[in-house]
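K.L.:
Sequence:
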Amino acid sequence: MDSRLLEILACPICKGPLKYQRDAQVLVCRLDRLAYPIRDDVPVMLEEEARQLSADDPLLDR
Numbered sequence: 000m001d002s003r004l005l006e007i008l009a010c011p012i013c014k015g016p017l018k019y020q021r022d023a024q025v026l027v028c029r030l031d032r033l034a035y036p037i038r039d040d041v042p043v044m045l046e047e048e049a050r051q052l053s054a055d056d057p058l059l060d061r
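Sequential numbering of the sequence shown, starting at 0, is according to numbering that gives the first Met the number 0.
Bear in mind the hints are in silico, worked out from the structure with no lab data behind them.
Backbone N, C-alpha and C define an ideal beta-carbon position, used for all residues, glycine too.
Hints may contain errors.
[Stated by the list, open to error] Simulated restraints on C-beta separations:
1) ASP55 to ASP1: 28 to 34 Å
2) ASP55 to GLY15: 18 to 24 Å
3) ALA54 to ARG3: 18 to 24 Å
4) ASP1 to ALA54: 27 to 33 Å
5) GLN51 to LYS14: 14 to 20 Å
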């Protein structure tokens, strides 16, 4: 994932910052507890494609 791209990407719902989780290949919004998938090095920034994370999900701690 290109670091310049990561700097400008924001959550499409709350406009908050996203955290790149390399192992899981997702971008995580901690505020909304959503994980946006990355497919073929392209972030899929659609709300309907995001996975809801539980409050105790380890992706939120990293």
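K.L.:
Each hint: holds or not?
P.N.:
Checked hints:
no., hint, verdict
1, ASP55 to ASP1: 28 to 34 Å, "31 Å, holds"
2, ASP55 to GLY15: 18 to 24 Å, "20 Å, holds"
3, ALA54 to ARG3: 18 to 24 Å, "32 Å, violated"
4, ASP1 to ALA54: 27 to 33 Å, "31 Å, holds"
5, GLN51 to LYS14: 14 to 20 Å, "18 Å, holds"
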